[in-house]
Amino acid sequence: MKKRKFSIADILLFVFILLLVIPQTRKPIQVALSSVKMQFFSPSPLDKEDQAKLSPFAYKVSTLDGTNTSIEIGGNKVTFIGYWATWCPPCIAEMPSIQKLYDDYGTSVEFVLLTHEKTEVVQRFLDKKKFSLPVYIPRMQAPELLHGNSIPTNFIIDRSGKIIIKETGATDWNAEKIRTILDGLIAS
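Note that our numbering has the sequence shown beginning at 479, numbered continuously upward.
Errors might be hidden in some of the hints.
As the list claims (entries may be wrong) - Capping the alpha-carbon separation at 20 Å, the derived lysine to aspartate or glutamate pairs in EDC-like fashion look like this: (1) 596 / 488; (2) 555 / 581; (3) 608 / 543; (4) 526 / 622.
Stated by the list, open to error - DEER-style ranges, computed between Cβ atoms: (5) 657 / 608: 19 to 27 Å; (6) 627 / 534: 19 to 27 Å; (7) 488 / 599: 36 to 44 Å.
I should point out that these hints are in silico values taken from the structure, not numbers from a laboratory. Quick caveat, the model's predicted, so the values are computed rather than measured. Idealized CB from N, CA, C, for every residue including glycine.
The whole structure should be built from the sequences, with the hints applied where relevant.
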């Protein structure tokens, strides 16, 4: 009988699986894998017949400093809504692209990033990553049309409240395709 030798591929697979099992290394690997996926997929607008329209509403939220406020959704401003968490690897992977988009469109698009985490945890995460995104804690249930099955779930909503894009999973929100869509929505 021939004795089987381990190939380099076998050893690498074993090390990769081992790294996924160890909690301290799992999250960075998942973030890296999500980042790789983002390079190949960018969101597309929903088909016209699937673009549901929200009735304008005031989304009651709290800022990270505890101030209660509300944000008009479908109130004549293009809106980017994102549901995320600091512990979510795909959320972490897409945050730099959302930050870049916010840096360029923050005055013409309403950015609303929502999480249910403790404000101290969120603020620490934003400070560590040097993100200046507007993050809020919801104080009300969102309309059914803004529900998602998992995080991250993000929406781009036009001025009239029509959901143009709904995307779940890590996405490159700074892609040229998204910028073109936003430019068109802002101009209309």
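Results of checking the hints against the structure:
1. 596 / 488: It is violated: about 42 Å lies between the C-alpha atoms, which goes past 20 Å.
2. 555 / 581: 17 Å, holds
3. 608 / 543: Distance ~17 Å between residue 608 and residue 543 Cα, so the pair holds.
4. 526 / 622: 19 Å, holds
5. 657 / 608: 19 to 27 Å: 22 Å, holds
6. 627 / 534: 19 to 27 Å: Holds, at about 25 Å.
7. 488 / 599: 36 to 44 Å: 40 Å, holds
Hint check: a violation occurs at hint 1 only; the rest are consistent with the structure.
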